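Undergrad: Please build the complete structure, drawing on both the sequences and the hints.
Take a look at the letters that make up each chain.
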Amino acid sequence: MTKSTRHQQNGLSRRDFLRLLGLGACAVGAGALMGCSRSVPRGPTASRQALILGFDGMDPGLLRRYMKSGHLPNLAKLAKMGGFTPLRSSMPPQSPCAWATFITGMDPGGHGIYDFIHRDPKSYGPQLSTSSTSGPERMVSLGDVRIPLSAPEVTLHRKGPAFWNVLAEHGVPATIYKIPSNFPPEPSEQRTISDLGTPDLQGSYGHFSFFTEEPEGAYTDVSGGTVYHVRVRDGVLEAALRGPENVFRDSQERADVPFTVYVDPSNPVARIDIQDHRVLLSEGEWSEWLRLNFKFLTGIASTTGICRVYLKSVRPLQLYISPVNIDPLSPAMPIATPDGYAAELADAIGLYYTQGMAEDTKALQEGVFTDDEFIEQARFVHEERVRAFEFELDRFEEGVLFAYFSSSDLPVHMFYRAIDPESPMFSPELAERHGDIIRRIYGGLDSVLGRAMQALDDDALVMVMSDHGFAPYRRSFDLNGWLVENGYLVVDDGNGPAYERADWAHSKAYAMGFNGLYVNQVGREAEGTVPPGPAKQKLLEEIAGKLAELRDPLTGARIFRRVFNPEREYIDRPDEDVAPDLVLGYERGHRGSWESAVGEIAPQVWADNLDKWSGDHCMDAEVVAGVLLCNRPIEADRPGLEDIAPTIISYYDATPPGNMCGESFLRRS
Amino acid sequence: MTAIAFWLRTAAGWLVGALYSLGPEAGLVLVSVLTGVGVMVAFKYTADRKALRSAKDSIQAALLGIVIFRHDTRTMFAEEWRLIRGSAQYMLAGLRPLAAVIVPMVAIFAQLELYSGFDPIPVGGTALVTVEAGGEALGELAHTTLAGNAVEVETPPLRIEREGEVCWRIRGDEPGRHRLVLNVGGRTIEKSVVVGDGDRAVRLSPHRVRSGFYGTMFGSAERPLPADAPVQAISVDYEPSLVALGPVAMHWIPATLIIATIAALVVKPFLRVEI
Numbered sequence: 001m002t003k004s005t006r007h008q009q010n011g012l013s014r015r016d017f018l019r020l021l022g023l024g025a026c027a028v029g030a031g032a033l034m035g036c037s038r039s040v041p042r043g044p045t046a047s048r049q050a051l052i053l054g055f056d057g058m059d060p061g062l063l064r065r066y067m068k069s070g071h072l073p074n075l076a077k078l079a080k081m082g083g084f085t086p087l088r089s090s091m092p093p094q095s096p097c098a099w100a101t102f103i104t105g106m107d108p109g110g111h112g113i114y115d116f117i118h119r120d121p122k123s124y125g126p127q128l129s130t131s132s133t134s135g136p137e138r139m140v141s142l143g144d145v146r147i148p149l150s151a152p153e154v155t156l157h158r159k160g161p162a163f164w165n166v167l168a169e170h171g172v173p174a175t176i177y178k179i180p181s182n183f184p185p186e187p188s189e190q191r192t193i194s195d196l197g198t199p200d201l202q203g204s205y206g207h208f209s210f211f212t213e214e215p216e217g218a219y220t221d222v223s224g225g226t227v228y229h230v231r232v233r234d235g236v237l238e239a240a241l242r243g244p245e246n247v248f249r250d251s252q253e254r255a256d257v258p259f260t261v262y263v264d265p266s267n268p269v270a271r272i273d274i275q276d277h278r279v280l281l282s283e284g285e286w287s288e289w290l291r292l293n294f295k296f297l298t299g300i301a302s303t304t305g306i307c308r309v310y311l312k313s314v315r316p317l318q319l320y321i322s323p324v325n326i327d328p329l330s331p332a333m334p335i336a337t338p339d340g341y342a343a344e345l346a347d348a349i350g351l352y353y354t355q356g357m358a359e360d361t362k363a364l365q366e367g368v369f370t371d372d373e374f375i376e377q378a379r380f381v382h383e384e385r386v387r388a389f390e391f392e393l394d395r396f397e398e399g400v401l402f403a404y405f406s407s408s409d410l411p412v413h414m415f416y417r418a419i420d421p422e423s424p425m426f427s428p429e430l431a432e433r434h435g436d437i438i439r440r441i442y443g444g445l446d447s448v449l450g451r452a453m454q455a456l457d458d459d460a461l462v463m464v465m466s467d468h469g470f471a472p473y474r475r476s477f478d479l480n481g482w483l484v485e486n487g488y489l490v491v492d493d494g495n496g497p498a499y500e501r502a503d504w505a506h507s508k509a510y511a512m513g514f515n516g517l518y519v520n521q522v523g524r525e526a527e528g529t530v531p532p533g534p535a536k537q538k539l540l541e542e543i544a545g546k547l548a549e550l551r552d553p554l555t556g557a558r559i560f561r562r563v564f565n566p567e568r569e570y571i572d573r574p575d576e577d578v579a580p581d582l583v584l585g586y587e588r589g590h591r592g593s594w595e596s597a598v599g600e601i602a603p604q605v606w607a608d609n610l611d612k613w614s615g616d617h618c619m620d621a622e623v624v625a626g627v628l629l630c631n632r633p634i635e636a637d638r639p640g641l642e643d644i645a646p647t648i649i650s651y652y653d654a655t656p657p658g659n660m661c662g663e664s665f666l667r668r669s
Numbered sequence: 001m002t003a004i005a006f007w008l009r010t011a012a013g014w015l016v017g018a019l020y021s022l023g024p025e026a027g028l029v030l031v032s033v034l035t036g037v038g039v040m041v042a043f044k045y046t047a048d049r050k051a052l053r054s055a056k057d058s059i060q061a062a063l064l065g066i067v068i069f070r071h072d073t074r075t076m077f078a079e080e081w082r083l084i085r086g087s088a089q090y091m092l093a094g095l096r097p098l099a100a101v102i103v104p105m106v107a108i109f110a111q112l113e114l115y116s117g118f119d120p121i122p123v124g125g126t127a128l129v130t131v132e133a134g135g136e137a138l139g140e141l142a143h144t145t146l147a148g149n150a151v152e153v154e155t156p157p158l159r160i161e162r163e164g165e166v167c168w169r170i171r172g173d174e175p176g177r178h179r180l181v182l183n184v185g186g187r188t189i190e191k192s193v194v195v196g197d198g199d200r201a202v203r204l205s206p207h208r209v210r211s212g213f214y215g216t217m218f219g220s221a222e223r224p225l226p227a228d229a230p231v232q233a234i235s236v237d238y239e240p241s242l243v244a245l246g247p248v249a250m251h252w253i254p255a256t257l258i259i260a261t262i263a264a265l266v267v268k269p270f271l272r273v274e275i
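Note that the protein sequences, when read in sequence, are chains R and E. For the first sequence, counting from 1, position 320 maps to 320 in the numbering used here; every step adds exactly one. For the second sequence, counting from 1, position 134 maps to 134 in the numbering used here; every step adds exactly one.
Treat the hints with care, since some could be wrong.
[To be verified] Here chain R is said to cover these stretches of chain E; the calculated rule only asks that three of the stretch's residues, wherever they fall, bring their Cβ under 8 Å from a Cβ of chain R:
#, region
1, 151 to 163
2, 179 to 186
[Said to hold, decoys possible] Distance ranges between label pairs, derived from CB positions:
#, chain 1, residue 1, chain 2, residue 2, range
3, E, Val-103, R, Asp-276, 29 to 39 Å
4, E, His-251, R, Pro-136, 28 to 38 Å
5, E, Leu-22, R, Pro-73, 49 to 59 Å
6, E, Arg-96, R, Asp-256, 46 to 56 Å
7, E, Arg-96, R, Pro-136, 47 to 57 Å
Since the hints were made in silico from the structure, they are not lab data. Please read these numbers as outputs of a predicted model, since none were measured by experiment. Virtual Cβ for every residue (Gly too), placed ideally from N, Cα, C.
TA: Below, the structure is given as structure tokens:
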């Protein structure tokens, strides 16, 4: 009892001595709480085990290659037991849409997630597709202080019930460890924790801080973090870590946390003092997770977040601080169901990344990380996931266990250049140094599967799936630039995003998102010019026809495999206020530009991709199919992501809801 | 004063150590129960029971008066003044027993802090070792070395002129009580360090200080550094510990006060104590 830390592996400990010391009421309360954490009444088929491993972005071509070379014995064994086939992705094959299809068994027309990024038809500006946050409806101001009279709201835009909630209705328990497109979590009695779409404490997809003594201009256009140019004086640096926006102050200043760095006069070592933490790091070392308190109103309102510190260099000082993640022990926003599940995991495995897409690709893209530093940071993410998965696997007895791994996605985005000799970023040295990194990542996932197969009952259903595969991203196409060139979008010569400098009264169409094109429609857009109906259809056919014939001036190759109107392709009728009017399926090697994805215009319509982000999947679904491996025969010719939810539900002898458009690929027993 | 602190610390250390030898959980409970009972005994034999009774009666009467005469502002204010006066008398009557227990309690609580206030360095875990040199002596520490048995010194020294400190990060490799050896200008200074999972009752000594009442009494379980030692203090940053009281994790002080209060209330009727 005397010494207790939050990170305790064993369920029973010496602390139980005090727990038994006449604290019956407390024990009853605790017991009641524990009971609340799993209240799915058991159905007749609940004792069946189904394990689904979601390896984001695992590619069938690469998987086949590495299985053939003998590097993936467990995946090969699973394929031999039942089957291995490419898995049709959603269209567009982007993670938010694809995982929403996995969760709901519906296509984007049904679940309403059409891209990473949607647009606001009133402002033409970009919006996150999966969720939105709105502040308190009413506030009272007392001088500079603002008191909210209601709680802020975070809304999940994905529609359709999640398969685990369908299972709950049939008495099948489920643990869904990290699931994209589910932030904030859909209410559930099942254990779930969100992944992709979960913001950091600043509300972004991950915003790092980098303090450097390098001169101004060493880093330009850093979009995923902030670079602070600092000066160490007499071995001391006083600085502040950017905190979340302070909604309790009229001035909306940020709740920053000051810290001090002490640097030794000659040794490559520094100490970071931040709140209660004193962290001594040698050059090249990472700290453990640090819990920080961000004060909004002293003694009244605050929140906690967690971050890790990396001492990149001492002379000159280069200090990276990870995005401040939501603290799983005391989440500032809902990230799990039941509410205590995130803390339960942290108690078991220690603190962990809670933001989605935790591998810091931006730091690598902007030159803050080297390749090796990024690989190390990605390894931390993977190891945390493995620890959490093993914790869940150890207590997995019945129902469904789903575990999501991101290491086969973001690191592959960044290192495709090492296996693609046609990439503008390829070099023999790079191939020599990092040519096997993707194979090693796949090997790590193979080990995860191997561990699971050893632990599970022989008759358990085991499935490995991915939401999409990968293809090289060698050339960029700027759709907004093309629309300008072809007179569909009229902008002035100033700077700034297209949606701010467009002459909407004379514009007919614009791009937003990686695969979307919108018509400037009367009655929908704020300054629409194209009436819905035949005129809109004619315009869409005209643009689609031109795009379908478009060829890359450098290679002469077509760049689109498909350009289609989602109203005609999706089974469920898309929400015409939200869905793009055209969905563009790029050919292998091409992708839409970063600029068009957020409503901006790139300097050139066509460009070589000179970014380390060298592999991608925002193409056509046929180009980047995912994988499906199962220890049962797969009874379908071309299974798709929408078939997985019905398959899992049917495995428990339940009937999938009518709004699911897929069907089970397993033979009914 | 330093000598008094040393002997107080030693005596309290024996008592607490003997109780903690039964285990860390039992130790804290027994010390807490003894504290509660001890306070009751002190009240029984040192408190002015008549004054306590009188003060309590006065408070009760004032409370009753406030309720009865709530519509009579003048009388109500008079009763409130009586309430304040009664409370002050009650506190004054409690001063003598408080004076009787304050010194041993402080000494015991200082020892509890060493037993229950910190976690040992986990095996494979790390901690900071800080040597305080004082401004002028920092130069002497420029070539200081730190070594330890079963403890790995992971970093070169970090010298902070502004704070007059030198720091290292150490890693505990094997469970047990180990020695850190600081070598300064040919002189060696030792500091204990404990590595383990915290399941056994272990007295930790976060600081070893040169002298002084406060430093000797609190935060140290080691002999003071020699008066001519080239450093003022050596500290190990153990992680603060929490105790689990039922489902709630808390610092040992509130846990002790809760258990001691329960124990005091339980023995009160038997000792016929007026409080």
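Undergrad: Is the distance from the Cβ of E/Val-103 to the Cβ of R/Asp-276 consistent with 29 to 39 Å?
TA: holds (31 Å)
Undergrad: Within 47 to 57 Å: is that where the Cβ-Cβ distance between E/Arg-96 and R/Pro-136 falls?
TA: Distance hint for E/Arg-96, R/Pro-136 holds at roughly 55 Å.
Undergrad: Falls inside 49 to 59 Å, the C-beta gap from E/Leu-22 to R/Pro-73?
TA: Distance hint for E/Leu-22, R/Pro-73 holds at roughly 53 Å.
Undergrad: Tell me whether the statement that chain R covers the region 179 to 186 of chain E is true, taking a Cβ distance below 8 Å and needing three residues at minimum.
TA: Coverage by chain R is violated here, the residue count being 0 at a Cβ distance below 8 Å.
Undergrad: Holds or violated: the 46 to 56 Å window for the beta-carbon distance between E/Arg-96 and R/Asp-256?
TA: Hint holds: Cβ distance 51 Å, inside 46 to 56 Å.
Undergrad: So does E/His-251 sit 28 to 38 Å from R/Pro-136, Cβ to Cβ?
TA: holds (34 Å)
Undergrad: Please verify the coverage claim for the region 151 to 163 of chain E: does it have three or more residues whose C-beta sits within 8 Å of some C-beta in chain R?
TA: holds (count 10)
The structure shown violates just one earlier hint, number 2.
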